[in-house]
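> If you're matching them up, the sequences are chains A and B in order.
The first sequence maps to residues 86 to 238 in the working numbering.
The second sequence maps to residues 2 to 281 in the working numbering.
Just to be clear, a hint being listed does not mean it is correct.
The calculated DSS-like cross-link candidates involving lysine-lysine, where the alpha carbons are at most 27 angstroms apart (straight line), are [said to hold, decoys possible]:
id : chain 1 : residue 1 : chain 2 : residue 2
1  : B       : Lys91     : A       : Lys130
2  : B       : Lys67     : A       : Lys138
3  : B       : Lys255    : B       : Lys211
4  : A       : Lys95     : B       : Lys67
5  : B       : Lys211    : A       : Lys220
6  : B       : Lys42     : B       : Lys91
7  : A       : Lys130    : B       : Lys67
Here chain B is said to cover these stretches of chain A; the calculated rule only asks that three of the stretch's residues, wherever they fall, bring their Cβ under 8 angstroms from a Cβ of chain B [claimed, not checked]:
id : stretch
8  : 169 to 179
9  : 184 to 196
Hints are computed from structural coordinates only; laboratory data are not their basis.
Here a beta-carbon is modelled for each residue, glycine too, at the ideal position from N, C-alpha and C.
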Amino acid sequence: MIEKPTSDIKAYLAEFDDIPGTRVYTATRARHGYHINQFAMSLMKAENRERFKKDERAYLDEWQISEEGKAALLARDYNALLDMGGNVYFLSKLFSTDGLSFAEAVSSMTDMNFPEYTAMMVAGGRSPENNRSIKDNLAHGRPAVAPAKAKSE
Amino acid sequence: MARITAGVGSSHVPLLGVAADFGKSTDDYFKPIFDGYEWTKKWEEQEKPDVVILVYNDHASAFDMKIVPTFAIGTGEHYKPADEGWGPRKVPDVYGHPDMAWHVAQSLILDDFDMTIINEMDVDHGLTVPLTMMFGAPEQWPCKIIPLAVNVVTYPVPSGNRCWALGEAIRRAVESYPEDLNVQIWGTGGMSHQLQGARAGLINAEWDNKFLDGLIGETDELRQIQHVEYIRETGSEGIEMVMWLIMRGALGKKTKLLHRHYHVPCSNTAIGHIVLEPAD
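Pulled out of the complex, with its shape left as it was, chain B reads as follows (with noise of 0.2 angstroms):
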């Protein structure tokens, strides 16, 4: 049976993937971010999982508004890197596992979740910034990678509630496949940021901080956040936070903390980082 061992939360700044990209990583102005993930890339070195299933958001790479999908799970065999505007980055494709994504997308929709599925996209920095923050520079990527991607953009954008109860169905899917492996789910994006209008530049480390409290333990109640107080309080981009609350979902009732890391600011955003592990 397949398991859902790990949850990995982080900021998924494109800026992280030109420092990586482009030896800057320990530049005085991102080394603190690096040293955060430092620990997650040795431990991620012992754990070696087979899978991640990997929650992002698309900015307007493969998706555009010609199709607004609110849950998408790439059930493809290989992903490129996007050209953003900038050329693709140079980092190893990405290879998906279409056996577990196509169980996992057939199980969601008989348990009430509609989702689109993708044989066929580009992945931008939402989904390689991650790779390059928790695996560093490999030939190829240690892992197959499951996309899912999640509309964070056009309004209204899921409820923190329902990505929730996504993660807990995820769950459900992953120990319901046959083959025994080593699954991991992180969710990606935030934490404080706004890259519009006058408000631009908002962080709230304080919000940030207590998201993250609510993160660990027993405690449901970050399922109750609307998305007025995620934009309100943490920036009109802050909302990408929901995403994380589907890897929350899928850790189980409790969880333990394993590492944690947070630092202002990288371009405009809040970094954020955390690993967790089921403690049922």
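In isolation and in its complexed conformation, chain A is listed as follows (with noise of 0.2 angstroms):
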């Protein structure tokens, strides 16, 4: 017999907000965030990223975007987009529109540079350990999300 997952949304929600370092994409994120992905997604066109390089500003002007979410894209601030409802894969066009690699981009959301990060990867990736629950952590006196460290360390 299979068990039914929950038909309660709010509780089904409310696990996720535990995860450490993690904003899943709900609907709450995704109407939050609707201008500043579907602006990320314009940059699929040549044409557009052409005229968003030319002048930033301008071309983000041309968007419902809060000036808080203007000056976060400007500043390429990745977590602060993620809180604001951006998703990775919308922001993936602004990735490549600055010629950045995806692992690029990712490891400036993390509190590790490029190569820390790359190494870290190679070394078998961040370690769930103390990384599966914010409420597990804070209750054992742990920091919310486990400090970066390599496996191999």
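Work from the hints to combine the two standalone chains into their complex.
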């Protein structure tokens, strides 16, 4: 007999908030970040990329994005953009416009620089140990998100 | 009668496409990954499938936030590789099998799976990287491909149990198609990876390998894994593994392992690959 997943959407969503260093792309975030993500999608077209690169601010002013959102986009502050409902698959169009690899852009969201991040990945990636639950981490006096530490260390 | 003769699971990391397209697949970094697909390339040459039903997710290429279909099936004749921001991959165009795709789409809808129908779209690395890994770099892809796109980005995504059940329904649909065709089903994406936030780079090799174990034999325990477990244990993008369950569900009660491969890392991701055949 298959257990039916919860149909209590509030309980379902609440569990996601307990995962350290992670913003699950929920409906709330999708609504909040709609214009940020659609702006990023517009960069799929070469002529839009050119216009954006020529005058980023002017291009952003064509979109219904808050001042805060525009500032985060101009600063390439990806964690702030995630908080505002940005999603990495859409934001990746901005990575490629900047000529950044996916891994390099992703590393900018962590507490490591790109060479350190690459070294962590080659050593087997970030360990799930102490990285599963904010509640559990706090209950055991650990930081909410485990600091970076490659497995080989 | 058409038959599903095998299932293939594989990661679809875009960097693998770059490595293959720019002749880097024998570099130290990539060789251990590509070596694990050599067995499958030879096996595919012998198997010569007529059709591959390729389960994947679109990465903001064909779909944006305007429309988010949960399950969508490609019934078109022809799909071009998508421009994902650095020009389309120089790989062959993808040819569909509209007759079988429409048959499967109609059968699934009558079987309570309310599919979205896609006649025109471009296909991104989620679909073309697995083709490269399994078939190499031919002039033309050696078979017809029916794309089956799953939303694994905007929550709630479909449950693992629902994905497995869709696989079961795909098998019934394929087996009611009159022409004698050799059909494979591929489930792609995963394994562990998180592409966002402070926890980016998470890899859980132990969990991934248990997942691979669970695809083999008679067990159907993987159906019960909830979304929160995928995210907690394997990273936010590890959720893509639900797509492997569509493949597994289409193989019937029992499977036999033909080939298995696992490697860390490829960019931000753990590479997993498995070849199974139905063993009922």
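> Confirm or reject the coverage of the stretch 184 to 196 of chain A by chain B under the rule of 3 or more residues with a beta carbon closer than 8 angstroms to the chain's beta carbons.
Satisfied; 8 residues make the cut.
> Would you mind confirming whether the straight-line C-alpha gap from lysine 42 of chain B to lysine 91 of chain B stays at or under 27 angstroms?
Between lysine 42 of chain B and lysine 91 of chain B the Cα gap is close to 20 angstroms, so the pair holds against 27 angstroms.
> Under the criterion that the straight-line Cα-Cα distance not exceed 27 angstroms, is the pair lysine 211 of chain B, lysine 220 of chain A satisfied?
26 angstroms, holds
> Between lysine 95 of chain A and lysine 67 of chain B, is the straight-line Cα distance small enough, at 27 angstroms or below?
24 angstroms, holds
> Lysine 255 of chain B and lysine 211 of chain B were given as a pair; does the straight-line alpha-carbon distance stay at or below 27 angstroms?
Roughly 17 angstroms separates the two Cα atoms, so the pair holds.
> Tell me if the straight-line CA distance from lysine 67 of chain B to lysine 138 of chain A falls inside 27 angstroms.
25 angstroms, holds
> Between lysine 91 of chain B and lysine 130 of chain A, is the straight-line Cα distance small enough, at 27 angstroms or below?
18 angstroms, holds
> Can you confirm whether chain B covers the stretch 169 to 179 of chain A, using C-beta to C-beta distances below 8 angstroms and requiring at least three such residues?
Coverage by chain B holds for the stretch 169 to 179 of chain A (6 residues, Cβ < 8 angstroms).
> CA of lysine 130 of chain A to CA of lysine 67 of chain B, is that 27 angstroms or under?
17 angstroms, holds
Consistency with the previously given hints is maintained throughout, with no hint failing.
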